[in-house]
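2 protein chains.
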Amino acid sequence: MNIIDGISSRRSVRQFTAQPIGDDALSAILTAGMSGPSAVNARPWSFLVVRDRDMLCKMADGNGSAAQPLKGAALGIMVVGDMTRTFERAPDYWVIDGAIAGQNMILAAHSLGIGSVWLGTWPQEEKISAQRRLFHLPESAVPHSILAFGYPEDSQKELPARGGYEADRVHFETW
Amino acid sequence: MNIIDGISSRRSVRQFTAQPIGDDALSAILTAGMSGPSAVNARPWSFLVVRDRDMLCKMADGNGSAAQPLKGAALGIMVVGDMTRTFERAPDYWVIDGAIAGQNMILAAHSLGIGSVWLGTWPQEEKISAQRRLFHLPESAVPHSILAFGYPEDSQKELPARGGYEADRVHFETW
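Residue numbers (this note's numbering), protein chains in the order written: chain A, 88 to 262; chain B, 88 to 262.
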């Protein structure tokens, strides 16, 4: 799948079939997540892969109503910020670096026919705390986002675009 | 270019030829930037496109030493957070949404043979203030990142990978 076509045809998929995601596809997705740029190449992230249905349900309940699609996903990947690796002069770049990793994984999955939906966690403290408790994360590991992955149900294959180019969002040369 | 190949072959390009970037390519890049997911589909961003050499030099100087490649870029795009559009329950999702937009633009450019380097601005207050002053941005417009784009010099076409898969960054089921 061509990159530009892939970026524009991606949709947030919230209903998944029971088909599992194989290890080769998972590996390609994770490799994409680790192939983005990061500030001073700090790579301040880790990834928590969950397939266990009971844990996916608990993650979903801890992340609020928008996270319910995770309950039917083939797997979830939590992007976790690693505070031991952040750029010391501006640690909060970890938020940007984690988002780059997430979008790379979503696009790689899409190119393999795997749908996904991005479930925001950071900066909502109650969601961060819930995930931290569930997985007994150390202080240095900050939940960033949860991505739910799975093969899309037929109803999810022709979702309308919710965005695209808007001329009034672009300024040329001056504000 | 295949998505997975594109993600893994992308490098941060810091030296550019004098070849300009045409309007069709720019439009494709901006469309990609506006095609990512955003929290509650708020799309809390705008894009400032700069081709003027004098302004590119001033942007670079305001963004610190790592931003010097912008001086030789065909154009720069500043991702700007739009605080009038953020998700009211968690406004800071704008940081993640801006990063998703940036990575989409970098990948779209790469697929067109256009190199780029990501120049971090947020969360470094002195960089944010410098860009804000330069473009007389309103309070609601927060500089997020500057992306320098241009056709890569030959020396930039075979840069080594600085990352890829690291098994110790992945946790399965438990931390």
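Incorrect hints may appear among the rest.
Any copy will do: because identical chains look the same in the list, a pair fits if it lies in one copy or spans two.
The calculated lysine to any residue pairs, modelled on SDA-like cross-linking and capped at a C-alpha distance of 20 Å, are [as the list claims (entries may be wrong)]:
(1) LYS158 x ARG98
(2) LYS244 x SER216
(3) LYS145 x ARG219
(4) LYS244 x ARG130
(5) LYS145 x TYR252
(6) LYS158 x GLU260
(7) LYS145 x GLU260
(8) LYS158 x PHE259
(9) LYS244 x ASP141
Note that these hints are calculated values from the structure, not bench results. Since the structure is predicted, the reported quantities are computational estimates derived from the model, not experimental observations.
ask   = Between copies, within a copy, both or neither: which fits LYS145 and TYR252 at Cα up to 20 Å?
value = For LYS145 and TYR252, the Cα distance exceeds 20 Å both inside one copy (37 Å) and across copies (28 Å).
Intra/inter-copy verdict for LYS158 and GLU260 if alpha-carbon distance must be at most 20 Å = between (46 Å within a copy, 15 Å between copies)
request  = Measure nothing new, just compare the shortest in-copy and cross-copy C-alpha distances for LYS158 and ARG98 to 20 Å and report within, between, both or neither.
outcome  = within (19 Å within a copy, 36 Å between copies)
request  = Give the relationship of LYS158 and PHE259 under a CA distance limit of 20 Å: within one copy only, between copies only, both, or neither.
outcome  = Classified as between: cross-chain Cα gap 17 Å, same-chain 44 Å, threshold 20 Å.
inquiry  = With identical chains, the pair LYS244 and SER216 could be close in the same copy or across copies; at 20 Å between alpha carbons, which is it: within, between, both, or neither?
reply    = This pair counts as neither: shortest intra-copy Cα distance 34 Å, inter-copy 44 Å.
inquiry  = One pair to classify: LYS145 and ARG219, alpha carbons no more than 20 Å apart. Within, between, both, or neither?
reply    = within (12 Å within a copy, 43 Å between copies)
LYS244 and ARG130: within-copy, between-copy, both or neither at 20 Å Cα = Neither way: LYS244 and ARG130 sit 33 Å apart in one copy and 23 Å across, limit 20 Å.
key: LYS145 and GLU260: within-copy, between-copy, both or neither at 20 Å Cα   = between (48 Å within a copy, 12 Å between copies)
ask   = Is the C-alpha distance from LYS244 to ASP141 at most 20 Å within one copy, between copies, in both cases, or in neither?
value = neither (27 Å within a copy, 47 Å between copies)
Checked against the numbered hints given earlier, this structure breaks hints 2, 4, 5, 9; the rest are met.
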